Amino acid sequence: MCIIARMDSRKIFIAAVAIIAIITGVWLSNRMLSPPPMPQTATVLPAPTELAEFSLVAHTGDPFTRTDFAGHWNLVFFGFTHCPDICPITLQVLANARQAMQDQGLDELPRIVLVSVDPERDSPEVLAPYVGHFGASTIGITGELAEVRKLTDGLGVFFEKAGEDGDDYSVDHSAVVIVINPDGQFHALFGTPHEAENFARDLPIIMAQR
Amino acid sequence: MIRVIASLLALLLTVACSDDRARLQGTDEIATPYVVSDLRIPEPIPGRQMGAAYFEFTNNSEQDLRITRVDSPELQSVQIHESVLENDVSRMVKLSEVIIPAGQSVRFEPGGKHLMLHYPDERPRKVSLRFITDDGPLLSVATVVTRD
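Chains as they are written, first to last, in the working numbering: chain A, 1 to 210; chain B, 1 to 148.
Worth flagging that the hints you see were computed from the coordinates, not collected in a lab. It cannot be assumed that every hint is accurate.
What the hints assert, rightly or not - Chain B stretches covered by chain A per the calculated footprint, using a threshold of three residues with CB under 8 Å from any CB of chain A:
1) 57–69
2) 114–122
3) 131–142
What the hints assert, rightly or not - Here are the simulated lysine-lysine pairs, DSBU-like style, with alpha carbons at most 35 Å apart:
4) Lys150(A) - Lys113(B)
5) Lys94(B) - Lys150(A)
6) Lys94(B) - Lys113(B)
7) Lys126(B) - Lys113(B)
8) Lys126(B) - Lys161(A)
9) Lys161(A) - Lys150(A)
10) Lys126(B) - Lys94(B)
11) Lys94(B) - Lys161(A)
12) Lys113(B) - Lys161(A)
Claimed, not checked - Far from chain A, some chain B residues (derived; all Cβ distances over 10 Å):
13) Asp38
14) Arg40
15) Ser72
16) Val98
17) Gly103
18) Ser105
Here the structure is a predicted model, which is why all the values come from computation and not from measurement. Glycine included, C-beta positions come from ideal geometry on N, C-alpha and C.
If we strip away everything but chain A, and leave its shape as in the complex, we get (with noise of 0.2 Å):
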């Protein structure tokens, strides 16, 4: 009777560490085999590439070349301060971005940067309370028209003036998100239209893909 319940016992066990195994096996081969999750929305470059020399003013007045985009994930967005409509709503699309990405806990939260269209009238002074509007995290770029062009030409981003009548004229502009990289690349970019569970969906996925 003893010896039957011995057996008994000795059969339980194996049995148990055979289905722990199995067990095991199948979770992480789901882990190992499952593909890493992938953007949705997003557009990677194959390899990024680098940006063109410029050299711009930030909103603080301070000088802002390509080494500056370096050190940070950029969300870099073009419009121009006179636009009430699509350029304010881009930018607060952004900055909720942002927070959702702060929510979820992220250590490392990307900048936002607004490049002036409009360099015309939208000096340091100008830019200065219009991106502050949306959160500390934000920058705005100016300088120079034939400067913004360096940058803007070598990211196939399109501007230009619209509907001229002295001081009252629109731009059209191309309104991707422009994603550079930590080392200052172009890495990515978003499409139209701009939904804020998208960025804060792919830009994790895209930063830790790097």
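Let chain A serve as the given structure and place chain B on it in line with the hints.
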């Protein structure tokens, strides 16, 4: 039977009237076939004199309505604009008119049609907007500028 029919008619009238009152909220023109609802005027961003106004314009009449201009005594200027997004390029188009088809509504909303408001240096707390057609002023609406 007659009492039942009379009660039903009375109920129908009550529902119809309360619906009209709800739709007319926000306008200062009572009994107009034109209704501006959901009027929202967000405060301009600090340092900027440009802002926007958003709302829904309903034309309950049997004829199309052509709005050619909007003005405001509190603002330097008001322009009818439309933000257009084509192939990832954003354009802001100044419109010379907006047609509100008979029996339909047109929304003025972020990223679409909107009024561009040019504020004076001293910001008004409340803004009124007067909608104008070829026949002259049509109706005025007003609301408090909000922080949002």
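Hint by hint, here is what the structure shows:
For the region 57–69 of chain B, the stated coverage by chain A is violated: 0 residues have a C-beta nearer than 8 Å to a C-beta of that chain, whereas at least 3 were required. Using a Cβ-Cβ cut-off of 8 Å, 3 residues of the region 114–122 of chain B lie near chain A, which meets the minimum of three, so the contact claim holds. Under the rule that three or more residues need a Cβ within less than 8 Å of chain A, the assignment of the region 131–142 of chain B is violated, with 0 such residues. Simply put, lysine 150(A) and lysine 113(B) have alpha-carbon atoms about 33 Å apart, close enough for the 35 Å limit, and the pair holds.
Distance check on the hinted pair: lysine 94(B) and lysine 150(A) sit about 30 Å apart at the alpha-carbon level, within 35 Å; holds. Of the pairs offered as hints, the one joining lysine 94(B) and lysine 113(B) holds, with about 10 Å between alpha carbons and a cut-off of 35 Å not exceeded. The suggested pairing of lysine 126(B) with lysine 113(B) holds, with an alpha-carbon distance near 22 Å, which does not exceed 35 Å. At most 35 Å may separate the alpha-carbon atoms for a hinted pair to count; lysine 126(B) and lysine 161(A) meet this at roughly 32 Å.
Among the hinted pairs, lysine 161(A) with lysine 150(A) is consistent with the structure: their alpha-carbon atoms are about 17 Å apart, no more than 35 Å. Simply put, lysine 126(B) and lysine 94(B) have alpha-carbon atoms about 24 Å apart, close enough for the 35 Å limit, and the pair holds. The straight-line distance between the Cα atoms of lysine 94(B) and lysine 161(A) is roughly 14 Å, inside the 35 Å bound, and the hint therefore holds. Proximity of lysine 113(B) to lysine 161(A) is assessed by CA-CA distance (about 20 Å); at most 35 Å being required, the pair is judged to hold.
No Cβ of chain A approaches the Cβ of aspartate 38(B) within 10 Å, the least distance being about 17 Å, so the stated non-interface status holds. No beta-carbon of chain A is positioned within 10 Å of the beta-carbon of arginine 40(B); the least distance is around 13 Å. Here serine 72(B) stays apart from chain A, with its beta-carbon at least about 15 Å from theirs, past the 10 Å limit. Consistency note on valine 98(B): stated as away from chain A, and its beta-carbon is indeed over 10 Å from all of that chain's, at 16 Å minimum.
Non-interface status of glycine 103(B) relative to chain A is upheld: no Cβ of that chain comes within 10 Å, the nearest being about 28 Å off. The non-interface label for serine 105(B) is consistent with chain A: the shortest C-beta to C-beta separation is roughly 20 Å, beyond 10 Å.
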